[in-house]
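**Student:** Here is what each chain is made of, one letter per residue.
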Amino acid sequence: MKGFASVTRTTKVATCVGGAQRSGRSTAKRLVTRAKVREIFMPALSSTMTEGKIVSWLKGSGEKITKGESIVVVESDKADMDVETFYDGYIGSIVVPDGATAAVGEPIAYIAETEAELEEAKSKSGGGGAPAAAAAEPEPEAPAAPPAEAAAPAPAAPAPAPAAPAPAPAAPAPAAPAPAPVKRADGRVIATPYAKKLAKELGVDLSTLGGSGPNGRITASDVELAKSGGAPPAAPPASTPAATPAAPAAASSPPAKKAAPAAAAPSGDGEVVPFTGMQAAVSSNMIASLEIPVSRVAYTITTDAFDALYKKLKPKGVTMTALLSKAVAVALTKHPIMYAACTPAGDGIIYNENINIAVAVAMPDGGLITPVLQNADKTDIYQLSRNWGDLVTRARGKQLAPDEYSTGTFTISNLGMYGVDKFDAILPSGTGTIMAVGGSKPTVVATADGKIGVEKQMTINLTTDHRIIYGADAAEFCQTLKAVIENPDDLTM
Amino acid sequence: MKGKTVTRGTGLSPFGGKRSCRRVSITTVSAKVNAVDSLKRGVGTCAKVSTKGVSSSVRVASVWRERTGGRRDQGSVSCRAGGGSAYDYDVCIIGCGVGGHGAALHAVQQGLKTCIIEGHDIGGTCVNRGCVPSKALLAASGRIREMQNEMHLKAMGIQVGSVSFDRQGVADHANQLASNIQGNLKNSLIALGVDIHTGMGKFVDNHTISYGLPGRVDVGGQLTAKDIIIATGSVPFVPPGIKIDGKTVFTSDHALKLEWIPDWVAIIGSGYIGLEFSDVYTALGSEVTFIEAVDKIMPGFDNEIARLAQRTLITPRNIDFRTGVLATNVKAGIPGVKPVEIELTDFKTKEKVDVMEVDACLVATGRVPFTQGLSLDKIGAETDRRGFVPVTEKMEVVGKNGKPVPNVYCIGDANGKYMLAHAASAQGISAIENIVGRSHVLNHLSVPAACFTHPEVSFVGLTEEQAREKAAEEKFEVAVVKTSFKANSKALAELEGDGMAKAIYRKDTGEILGVWIIGLHAADLIHEASNAVATNQTIQDLKFNVHAHPTLSEVLDELFKHAEVDAKPKPKSEPPKKTAVTAAS
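Chains as they are written, first to last, in our numbering: chain A, 475 to 967; chain B, 635 to 1219.
Looking at chain B on its own, in the form it has when it is part of the complex (with noise of 0.2 Å):
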């Protein structure tokens, strides 16, 4: 039984002013908790403190150090703790996708007392219905593009006689990673000691939480915990006018399970989800058509990038695009039988323009978060217009008087402050160092994305455009270097030359803004830049590192080389005297 921190401060105070009398106070209740605690557990809390405490009861002590320390605002405290009673759990997270689990594991290693309440799959969208289950397909369908690419192949002396492959089987494998993921992330959980249970949750107050299942009298019950995490993710967004059917009108839920390939597929929105089932499609036999209300494809991206993956992603392959209109009307078809009718809309004019008959439509037009459900008015709090529960940047859920709501936090797609896996991830992670007393603030702008096509295309921070505003707006002037994977080696080695790397920074100190990448395992590559951000390196800092030749890296090696700053390179400190050099090549 690990040790249980019984309060917290939210990182706001609802005793605005009163600094002084805050402080005392807390100083107070802290130490009567902790007195509380102490009797409860049977142990001394006066143990010897360190920052990093190997025993739960020194980590709680430490932790209460730094927070009688004054190290940060302490808000209000809870009555419960005060008066005694304690909680079932520390952390309670909500949800068990990625972000959840990022969350749960970050909690146990900070000793925290974590349980999971989940309602539907250990692993939630990401792994069950998103990326993961993606990712397979997109390896299979990767190589059948490859090995159907004759010219490609026999420029490597390769021949293949006729590809074909087993849809069943594709589909198959995609179903067997999801499983495995699954199984291994809830054993994981189930290893540090993190409970699950079972149900969809939904707030009784601050800190308890019931939970059920509907039809279901097995599960459920009711649980306290002194901090909450909602992490209860996203479905697929269907705009209205648009009926599912599952079968010739789908998200992405009912398209990984690739029960069928159509021959011609719509496909609603031309974000990263469009793009990869395009990729997806057309390497097994498909002819898509994007239909993007925006008025270009991939509107999310740099717009230079944008132009080099419509010209490898789009052009060569049998993709077609409508642009500027909104797919009002979508009304299933039957395979083989009747088509999928789709009226379009002029976004502008709003006038019906046309009406598109195709075999299949997939709607990837976003996702909403999933919210519903949750009982946010008994703490005080209520989503937003679109669902999204509001938070800080501590990842604090703010409440309808637009003060953080004490002790629940919310992180992830819910939040809606960047809907991908990984970010719900750091974000859980976030929210654990603020509840142990950590102020920690995930930079959102070091956060990487990438989308999974063949060439892949990853980015981090903000694009040309959007940074060449900021340098209107704050008056810096902006750079921007590139390199392109047709002077990189490994990637002629690989006859992969299309592609490019930008990086777009401020020339004055060379802080990094954006770094955008496509070409072979751009996905991979981004992660240099995204770490460079996170930890607020500059880019001249870069120049110095070292890149194993001939590796793809070195395509961010030439562009990071090739920048030129104004402020000087910070002086290095002098390299330790055994320096291991590895010879390459």
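Excised from the complex, chain A in its bound form (with noise of 0.2 Å):
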């Protein structure tokens, strides 16, 4: 069992250098070169070893290397070793970055033998076959993720990823706007140990980016957000967003682009506050959400017995939120049409399979999410109320995993709690209805005998995309929804 062991007695293994010419890759036009660009192949360490891992470069391009320095550090089947150089001369370019695998023979990198080749043999690199990499750094365009990075703990920004921005319905972030992404006034770049390395991946350049941190420190989820093209750049006179062609299919950019100029033309006095990040997301939102042709039913519905029920289930750890899911999502089994959703083309409509409950949260630095109660319908109420209190947990402590708040196939939003009678929501883009709660209140009604009564009602009052939804689904829809209220014992089942 012992016997495998490969041990590095020796450090250092030399590169394999070869001329240009070698690499049958070269195209006539370098050939005139005379060669005095070289490869650096990925060296064979071992008998076995078929391919290598870039541990790291130990020298970056444009730097003078000379014989026998070490110049990259490779993971092979059975150790880490150092490589040397057999040349002197300038590492050019490198094609294989750190933390990505070539196999034994390929190329990782150009290294020219004078100064004056240092430009032709950044250029090399465009020739092989192999991502461009003309930067100083290795670009992170290279197919191999360093796998590593999981384990950093980075905290999930519940930032809306492009393709499926995060429903941003219309309950206002009660709590206090977070600082503002600014730049510092000193004109310094404070960014931090995260948010560079971010940087450096996405490729955003810093100086260009605004930071929400304290005065105006750019944070990991500025540099996030700037990627994704959600947020606008934050200075507001010199630079263009130099961040936003670097955004791949920016899907909400074309909103926010629109939104950078209206909030970057200030009229009066005033002191202008740029969006944070979470701020700018929530407004390329609402301005997409502007080209859903929306259609809004209202419906009262007696909630004595639900109340009563919950007072029951309470103790049980039952809470509000997770009973009010259940109830719609059993309701929601007999009108598939209204968690269904518009295809992006506005040609057909997607009948999602599965119930998910997307529920609007503030949160307290003044953000908004949607954490998201999968399978509602077949989840038990218990089972769902403990599902509900994790993910809220978690999402203070922003947590999530995009598919915990991005996967909702129907929202609700509740603002009874602050004694609100009705109001509208905004339907998220991407999604079929909203449904807006109102409190429970004590109501004189007339009842059914012709007698006056007092009954606890609640209005309720969807936003629906009429494209797919009309008038009368969203009322047959109601009326399930109010007998399940109403005779709610079934949701203990």
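Just so you know, not all the hints are guaranteed correct.
[Claimed, not checked] If you want the footprint, here are the derived chain B segments under chain A, 3+ residues with CB under 8 Å: (1) 914-924; (2) 952-962.
[Claimed, not checked] Counterexamples of contact, computed for chain A against chain B with all Cβ distances above 10 Å: (3) T540; (4) V746; (5) P767; (6) D854; (7) A875; (8) P876; (9) D923; (10) V928; (11) T954.
[As the list claims (entries may be wrong)] Computed cross-link-like contacts, SDA-like style, restricted to lysine to any residue with a CA-CA straight-line distance of at most 25 Å: (12) B:K972 - A:L680; (13) A:K670 - B:M785; (14) B:K788 - A:T881; (15) A:K541 - B:E1103; (16) B:K984 - B:F955; (17) A:K674 - B:E1128.
Derived by calculation from the structure, the hints in this document are not laboratory data.
All C-beta atoms, glycine included, are put in the ideal place defined by N, C-alpha and C.
From these two lone chains plus the hints, build me the complex, please.
**Tutor:** This is the structure in structure tokens:
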């Protein structure tokens, strides 16, 4: 068992370095340069090694190297080894960045013999079929992403990914807004270690960003937002959004652009406080929602039985949110259209498989997030309550995974606890319905038997995408929901 | 009541040169003392002498026999002892950290009547504000890190939901551990009959200590002892220009309480303390920036180990660093309101280069001896410029005249020889050995050290660079062998293949100069190497040791087996006839 262990008795392994003509991939044009630019190949560090992973480059692009010097650390199947160069010269470009893997014999970098040839060596990588890495640092475009990244306990910023914008229902965040991303008055860039690392990886220029941290400090979430195109660059006069072109398929960038000039055009003497990342995301989502034609249906439901049930279940850890979500989910099972969505192109209906109830939660720092109760119709009320508790705790700690806040198929926004009678919610794009829930109040009513009585009533208000959900659909759903809430005993089953 | 050794010599003689006279006089005096002593105790001093006496009187006699036997140079004999007065104690130890505790245990074992004077907490820095509570924080944060590492767990087929933690719970664990260990230490001393006096001790003379606490009249007093050991330890060093507020700018003392978790912590100093805290803070979600005066981080480490440490402990985490700069001015902030401002000055040019703004600043720039107020002048000694008490290799305090101060020793951080808890304890044992007349010198190159990051780093002896320097001076050839944790079955089973061990040794003789380990449980693995150094084994001797398979210890097994030495292994004695062989796997 012990026999297979290979021991690295010698530290240094020389690289295989050859002339450029050996590569076979060089174009005729480059051959004219008499091969002063050399390739560094992935060395074979053991007899069984077929590919190696670059642990780290000890020298960066443009750095001078001397014969015998260690320039890169390669991880083979057995051990990490420092690899040294046979030649004096300069590192032109690094083709295989830290963390990426290359087969034995493949070029991992180009070196130039003299400084004059540096530019050529830099351009080499482009001809080599590998991703261009013209910048001083290895670009992250390389296919293999470093798997070790997951180790970093990055607080999962609830920033919406461009492909799936987080639903931003109308419920206005009651808490004070987080500090706005501002550029520091002294022009200095102060960024946290993780923000710097991310900026390097994502290719974001920190100097164009404002920071939402204390005193304009740039945090990791500022960088992420800049990359996803969600955050307008904070500097009002100077920079056009330099980060935006870098954003891949920036779905939400047009609205973001629209929002930016509006925000940057102060008309009076008042102070302009630029958006935080989350505010910017909310803003662009709100603008996007204007493209959806919606209709609204309000309905009043008696909640005496529902409240009684809640009172009974509360000691068992059941929360009102879970109970309400459960009721909605049960009602939804009869109305698949109510949790369907319109296709992004506006040419069809996506009937969702699962009833995932998203519930808007105001964050203590002024944000808004919609944790999702997955399969709420199929999950029992106790489990649902536990799930909800867990989601909220983690949402406050910004630890939700994207599929925990972006996979809702029906959204609930509840302002009843503030004593709101009824309100309008804005439909988040990508879903078909949002339900605004008002507070339940004792109301004098004419009862069915013609007497005057007092019942607790609440008003719900549905906002639906009228391209797919018409008034009658919503009304039928309201009827079902009313029946479920007024006869709630089935909910505990 | 244990017997009393009344006096002892210091290692070096103040009567230098008059060898024969001294021998005679000592014999005389000691005979006298013995007589006096025996009268007092009412037992005969001519009891049968054995080297490991069972009764105190026998042991005392044995000590005297050894001394008068001329095994070692005897120095001056105290006039007081000669005059027949007795001391309250044989040994008084000032300070009850790990060093003082270790010395006290050993003293009791040697039959000495022992007392300890402690002005703060039993257990000292290590137990209350150092190694022990920090291990609790590292244990908790290490698990958090492990459970947050989804990729790693997934590779073993484990899935966890989200991992969250309760800061106060983690802090309580550290606190609880410290008070447990503190209680254990105290009880162990009381059980052995060691008297514990409360107060800060100071010298009246070589044999007399007065102690008390400022503002307290209920504690304090004066006591005498034949030998006194200074073990007052150290406190965190705070460079000038840094104002500690205990909240946003703090030392390890405060950080261990984990009162809050700042988003961004600057750690001044990238030694063990800084590294361990970076491990804790990053696991709990903070971002960290190291500020290091030297032009590389982890300056005390072997270069190659430091490089690997950087790859495993720094690069993959949310840590960056500024090297070659000093934090010359640190202004406290207000959590969540005003950041801490740190002015950075270039170490070489002394020019101000930057001002950092962070949420908190941990000052981990090392420790300074806690030796003020000892009244060392009363015994003709003084601390050096940095506050350390100068000592000989036998832990004897060196006086202003350059000669050992009779009967006074100093161990642990206070002497600055090797500022580690277990080194202090080893020095304490060494001091007691010298007190009872068995000349002992601790080989500091055999003292292991460890940094309890995830993974751990440990070493004993020299770095490769130091060894090569030494080799150039002393003209011998250095050889280095290395093994990787990647080749170890147990490490692979744990999916913890990151790590290496290296041994640095003399090619001609096989003498082990240094061993470094970074990897899973490195701190536990180093002892095979450090014990080998302590017992003067060569690297070729170790090739014959057997290690259970599959264990991490095989990393060292591989290491030793691959060493090539010019000298032939010493002929081994025949194994005993009945060899118990444990079959593994």
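**Student:** Compare the structure with each hint and give your call.
**Tutor:** Against the structure, the hints:
As drawn, the region 914-924 of chain B meets chain A at 7 residues by the rule of a beta-carbon pair under 8 Å; at three or more, the given contact holds. For the region 952-962 of chain B, the stated coverage by chain A holds: 3 residues have a C-beta nearer than 8 Å to a C-beta of that chain, and at least 3 were required. For T540 (chain A), the condition that its CB be more than 10 Å from all CB atoms of chain B holds, with the nearest at approximately 18 Å. Residue placement check: V746 (chain A) keeps its beta carbon more than 10 Å from all beta carbons of chain B (closest about 23 Å).
Under the 10 Å C-beta cut-off, the non-interface status given to P767 (chain A) relative to chain B holds; the minimum distance is some 38 Å. In this structure D854 (chain A) is separated from chain B by more than 10 Å, as the shortest Cβ-Cβ distance comes to about 18 Å. With a cut of 10 Å on Cβ distances, A875 (chain A) falls inside the contact zone with chain B, its closest approach being about 8 Å. The non-interface label for P876 (chain A) is consistent with chain B: the shortest C-beta to C-beta separation is roughly 13 Å, beyond 10 Å.
Remark: the non-interface label on D923 (chain A) is consistent with the geometry, its nearest Cβ contact in chain B lying 52 Å away (cut-off 10 Å). Taking the minimum C-beta to C-beta distance to chain B, about 44 Å, the non-interface status of V928 (chain A) holds against the 10 Å cut. No beta-carbon of chain B is positioned within 10 Å of the beta-carbon of T954 (chain A); the least distance is around 33 Å. A C-alpha spacing of about 22 Å is found between K972 (chain B) and L680 (chain A), which places the hinted pair at or below 25 Å, so the restraint holds.
Taking the CA atoms of K670 (chain A) and M785 (chain B), the gap is about 23 Å. The hint holds against a cut of 25 Å. Restraint check: the Cα-Cα separation between K788 (chain B) and T881 (chain A) comes to about 23 Å, which is no more than 25 Å; the hinted pair holds. The hinted pair formed by K541 (chain A) and E1103 (chain B) meets the criterion: a straight-line CA distance of about 23 Å does not exceed 25 Å. Distance hint between K984 (chain B) and F955 (chain B) is fulfilled; the C-alpha atoms sit about 19 Å from each other, no more than 25 Å.
With a C-alpha separation of about 32 Å, the suggested pairing of K674 (chain A) with E1128 (chain B) is violated against the 25 Å cut-off.
Taken one by one, the earlier hints fail for this structure at numbers 7 and 17, listed in ascending order.
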